[in-house]
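Chains as they are written, first to last, in the numbering used here: chain F, 3 to 172; chain D, 183 to 335.
Simulated from the structure, these hints should not be mistaken for laboratory data. Do not rely on the hints blindly, as some may be mistaken.
In silico negatives: residues of chain D with every beta carbon more than 10 Å from chain F [claimed, not checked]:
| no. | residue |
| --- | --- |
| 1 | Ala-204 |
| 2 | Asp-207 |
| 3 | Arg-219 |
| 4 | Arg-221 |
| 5 | Asp-263 |
| 6 | Glu-319 |
| 7 | Ile-326 |
Under the rule of at most 30 Å between Cα atoms (straight-line distance), these lysine-lysine pairs were calculated in the DSSO-like manner [as the list claims (entries may be wrong)]:
| no. | chain 1 | residue 1 | chain 2 | residue 2 |
| --- | --- | --- | --- | --- |
| 8 | D | Lys-305 | F | Lys-24 |
| 9 | D | Lys-264 | F | Lys-37 |
| 10 | D | Lys-332 | D | Lys-285 |
| 11 | D | Lys-185 | D | Lys-244 |
| 12 | D | Lys-264 | D | Lys-244 |
| 13 | D | Lys-285 | F | Lys-37 |
| 14 | D | Lys-282 | D | Lys-305 |
| 15 | D | Lys-185 | F | Lys-9 |
| 16 | D | Lys-244 | D | Lys-332 |
| 17 | F | Lys-9 | D | Lys-305 |
Quick reminder that beta carbons are idealized off the backbone N, C-alpha and C, glycines included.
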Amino acid sequence: MNVDNFKPTTVYTIYIAATPEKVWQALTTAEFSRKYFFGNAIEVEQRVGGAYVVRQSDGSVHISGEVIECVVPRRLTVTFNVNWPELVERLGPTLVSYEIEPAGDAVRLTMTESHDRTIDDDILSGGRQGWPAIMSSLKSLLETGAPLVIRMAPPQQMLAALKRMGIKTP
Amino acid sequence: MSKPEFVYTTYIETTPEKLWLALTDGDFTERYWFGARLRSDWKVGSSFEMVRNDGTISDAGKVVECDPPRRLAYTFVNLSDKYKNEFPALATFVLEPYGKLVKLTLTHEGFAEGSKFYSGISKGWPAILSSLKSLLETGRPLEIPYEALKFEG
Chain F
3 MNVDNFKPTT VYTIYIAATP EKVWQALTTA EFSRKYFFGN AIEVEQRVGG
53 AYVVRQSDGS VHISGEVIEC VVPRRLTVTF NVNWPELVER LGPTLVSYEI
103 EPAGDAVRLT MTESHDRTID DDILSGGRQG WPAIMSSLKS LLETGAPLVI
153 RMAPPQQMLA ALKRMGIKTP
Chain D
183 MSKPEFVYTT YIETTPEKLW LALTDGDFTE RYWFGARLRS DWKVGSSFEM
233 VRNDGTISDA GKVVECDPPR RLAYTFVNLS DKYKNEFPAL ATFVLEPYGK
283 LVKLTLTHEG FAEGSKFYSG ISKGWPAILS SLKSLLETGR PLEIPYEALK
333 FEG
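Work out the full structure: start from the sequences and follow the hints.
Written out as structure tokens, the structure is:
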């Protein structure tokens, strides 16, 4: 897949007292992700072209994608398509990239969400609300051993915008 | 083209009161803010300064809003020559209880288009607020070398 025409819409940077390997493990394994990613399990085939799947606690596929870039433990880029009917057809694919860089004894983790077309801010509000919660909990998990308890519903403005575009949400 | 604005949200396992203290007490900020002590009496209209270890002032502005432990706003600009043509921009902190956590949202706005100061603070805030979160949750700030932020110029 050619990702040259994707442009960043949301960027979130967080510093974590952990090794790059630990952060990589947290971003790529079900065991870790269930704890900080609203109960979702991440499964990644760590090679370019491999499958990227996020399952909900009932086992159903919530997000599916393909590994675009995989440089252990530095950089992971995947397509990140929420499994709602018509979503990819109407909005195009979503690209998510994680960059892990050493910063002293800590690491800098930068998440970048990108799209290949203009996306309404109301729709982007879902990621803009969710990423800070997910990344904050990931940091707490790696630093304290316990994730944060964050309950969160999708933003109303996003659900309304998706409905206007004929995209069904659960 | 819209003017640049920096928004950053983080969730911290603490109380609004502890977070408020961490944001306003110089002894506290020195531990997580690259050694900077914030100095102000936190009255609206009063001066706001960031003081380095050697006593010199790196940044200065004014207190705009102070409603403990919910909302704090101040303007500031870095006083180095690099930013000599820039004016103070407004940083607003909103602290909201969120279950057993506190949701902290920082909005930094009022920059000119192409502001170098904006570019600097965009790199600085994630490091400062990450270190603040670590300090409140684990008792230890992060050791992030200033150079690791990769400031331009």
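Hints not upheld, ascending by number: 6, 7 and 9
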